[in-house]
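Using the sequences plus the hints, can you model the full thing?
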Amino acid sequence: MVMDRKNAVTRRTFFRTAGVLGATVAAGGLLGFPLSQTQAEDAAAPAAVDMDGLIAKQMGPGAIAMEKVTLDIPATAENAALVRMPIVVDHPMEANNFIQSVALFIDNNPSPLVAQFELTPEAGKVSLEFRSRMAKTSKVRVVAKSNTGKLYGLVKEIQVAAGGCAG
Amino acid sequence: MAEEIGSPKIRGPKDPVKKGELVEIKSLIKHPMESGLRKDKATDALIPAHFIESVVVEYGGKQVLKAAWSGAVSKDPFFSFFVKAEATGPLKMTWKDNKGQTFEASTTITVA
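Those sequence lines, one after another, are chains A and B.
If you read the first sequence in this note's numbering, its first letter stands for residue 1149, the second for the next number, and so on.
If you read the second sequence in this note's numbering, its first letter stands for residue 24, the second for the next number, and so on.
No wet-lab data here; the hints were simulated from the structure.
Some clues are possibly wrong.
[Unchecked claim] Straight line, CA to CA, 20 angstroms or less: simulated EDC-like cross-link-like pairs of lysine to aspartate or glutamate:
{"no.": "1", "chain 1": "A", "residue 1": "Lys1273", "chain 2": "B", "residue 2": "Glu47"}
{"no.": "2", "chain 1": "A", "residue 1": "Lys1205", "chain 2": "B", "residue 2": "Glu76"}
{"no.": "3", "chain 1": "B", "residue 1": "Lys42", "chain 2": "A", "residue 2": "Glu1270"}
{"no.": "4", "chain 1": "B", "residue 1": "Lys41", "chain 2": "A", "residue 2": "Glu1270"}
{"no.": "5", "chain 1": "B", "residue 1": "Lys49", "chain 2": "A", "residue 2": "Glu1266"}
{"no.": "6", "chain 1": "B", "residue 1": "Lys53", "chain 2": "A", "residue 2": "Glu1277"}
{"no.": "7", "chain 1": "B", "residue 1": "Lys107", "chain 2": "A", "residue 2": "Asp1238"}
{"no.": "8", "chain 1": "B", "residue 1": "Lys85", "chain 2": "A", "residue 2": "Glu1242"}
{"no.": "9", "chain 1": "B", "residue 1": "Lys89", "chain 2": "A", "residue 2": "Asp1198"}
{"no.": "10", "chain 1": "B", "residue 1": "Lys115", "chain 2": "A", "residue 2": "Asp1238"}
{"no.": "11", "chain 1": "B", "residue 1": "Lys89", "chain 2": "A", "residue 2": "Glu1270"}
{"no.": "12", "chain 1": "A", "residue 1": "Lys1273", "chain 2": "B", "residue 2": "Glu76"}
{"no.": "13", "chain 1": "A", "residue 1": "Lys1205", "chain 2": "A", "residue 2": "Asp1238"}
{"no.": "14", "chain 1": "A", "residue 1": "Lys1284", "chain 2": "A", "residue 2": "Asp1198"}
{"no.": "15", "chain 1": "A", "residue 1": "Lys1284", "chain 2": "B", "residue 2": "Glu57"}
{"no.": "16", "chain 1": "B", "residue 1": "Lys119", "chain 2": "A", "residue 2": "Glu1242"}
[Unchecked claim] Distance ranges between label pairs, derived from CB positions:
{"no.": "17", "chain 1": "B", "residue 1": "Leu60", "chain 2": "A", "residue 2": "Ala1223", "range": "37 to 47 angstroms"}
{"no.": "18", "chain 1": "A", "residue 1": "Met1214", "chain 2": "B", "residue 2": "Lys49", "range": "39 to 49 angstroms"}
{"no.": "19", "chain 1": "B", "residue 1": "Leu51", "chain 2": "A", "residue 2": "Ser1259", "range": "16 to 26 angstroms"}
[To be verified] One-sided excerpt, in silico: chain B residues whose CB lies under 10 angstroms from chain A:
{"no.": "20", "residue": "Ile28"}
{"no.": "21", "residue": "Glu44"}
{"no.": "22", "residue": "Val46"}
{"no.": "23", "residue": "Lys85"}
{"no.": "24", "residue": "Gln86"}
{"no.": "25", "residue": "Ala90"}
{"no.": "26", "residue": "Ala91"}
{"no.": "27", "residue": "Val96"}
{"no.": "28", "residue": "Ser97"}
{"no.": "29", "residue": "Phe101"}
{"no.": "30", "residue": "Phe102"}
Glycine included, each C-beta is placed from N, C-alpha and C at the ideal position.
Structural data, given as structure tokens:
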């Protein structure tokens, strides 16, 4: 195998690798096609970030209930440098039952953790808004944690219009 | 090319509000919010990170909300949120950037 020039997977080395893998799998009596297709997708995707791990680190462990959180914005961002992020969490803000922390993540940004908020019952309700830059089309995730450690979340795919500048 | 920085602004309710009312606070500050990942087009060198990393909101002297931001928050950041009006008092916001510079602004919430 000639892989000396650089570590980056070039088109040529990719097809060579895929070919070898395909041949290996075919020799084993399986179809090579699904494997090489998966590889092609991996090669096209950006460096994978362990979003589950990052969210667990920021918000604590546990299952995330996909409810109570809304992010009411269009599925396509017109200006990637200025994407409105209006976060609403439909949850009481009472002394012993409130949302303590809210974080917003953009998977395909160079640094996915965009902002994190710590709240108290004195906020009255969770309705926060700010603007974010998006490097490219990405999943946007919002995770909210209650004072008892319950997690609520939302995932929304936001398209970034072609030619958008992340600034 | 000195970029304008600071001039923090807060807008709360102009008129007195009822006790227990949830009031929206809107804020704006001038800041480049450089992520540290952007290149200067002329020199191809990375522009050093310079962004607001924390925003603290105090109402009646008590911290009610705190934000931790990254360089992915947009330039000249807008930020709005709610507080529960309990008593007449100041609502103060403090922005702090990664170079240690701080900015403050306040408004008064009047409970009728």
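The hints, checked one at a time:
no.: 1; hint: A:Lys1273 - B:Glu47; verdict: holds, 10 angstroms
no.: 2; hint: A:Lys1205 - B:Glu76; verdict: holds, 19 angstroms
no.: 3; hint: B:Lys42 - A:Glu1270; verdict: holds, 12 angstroms
no.: 4; hint: B:Lys41 - A:Glu1270; verdict: holds, 15 angstroms
no.: 5; hint: B:Lys49 - A:Glu1266; verdict: holds, 17 angstroms
no.: 6; hint: B:Lys53 - A:Glu1277; verdict: holds, 17 angstroms
no.: 7; hint: B:Lys107 - A:Asp1238; verdict: holds, 16 angstroms
no.: 8; hint: B:Lys85 - A:Glu1242; verdict: holds, 16 angstroms
no.: 9; hint: B:Lys89 - A:Asp1198; verdict: violated, 26 angstroms
no.: 10; hint: B:Lys115 - A:Asp1238; verdict: violated, 26 angstroms
no.: 11; hint: B:Lys89 - A:Glu1270; verdict: holds, 12 angstroms
no.: 12; hint: A:Lys1273 - B:Glu76; verdict: violated, 23 angstroms
no.: 13; hint: A:Lys1205 - A:Asp1238; verdict: violated, 24 angstroms
no.: 14; hint: A:Lys1284 - A:Asp1198; verdict: holds, 18 angstroms
no.: 15; hint: A:Lys1284 - B:Glu57; verdict: holds, 17 angstroms
no.: 16; hint: B:Lys119 - A:Glu1242; verdict: violated, 29 angstroms
no.: 17; hint: B:Leu60 - A:Ala1223: 37 to 47 angstroms; verdict: violated, 26 angstroms
no.: 18; hint: A:Met1214 - B:Lys49: 39 to 49 angstroms; verdict: violated, 29 angstroms
no.: 19; hint: B:Leu51 - A:Ser1259: 16 to 26 angstroms; verdict: holds, 24 angstroms
no.: 20; hint: Ile28; verdict: violated, 16 angstroms
no.: 21; hint: Glu44; verdict: holds, 8 angstroms
no.: 22; hint: Val46; verdict: holds, 8 angstroms
no.: 23; hint: Lys85; verdict: holds, 7 angstroms
no.: 24; hint: Gln86; verdict: holds, 7 angstroms
no.: 25; hint: Ala90; verdict: holds, 5 angstroms
no.: 26; hint: Ala91; verdict: holds, 5 angstroms
no.: 27; hint: Val96; verdict: holds, 6 angstroms
no.: 28; hint: Ser97; verdict: holds, 4 angstroms
no.: 29; hint: Phe101; verdict: holds, 6 angstroms
no.: 30; hint: Phe102; verdict: holds, 5 angstroms
Of the numbered hints stated above, those contradicted by the structure are hints 9, 10, 12, 13, 16, 17, 18 and 20, listed in ascending order.
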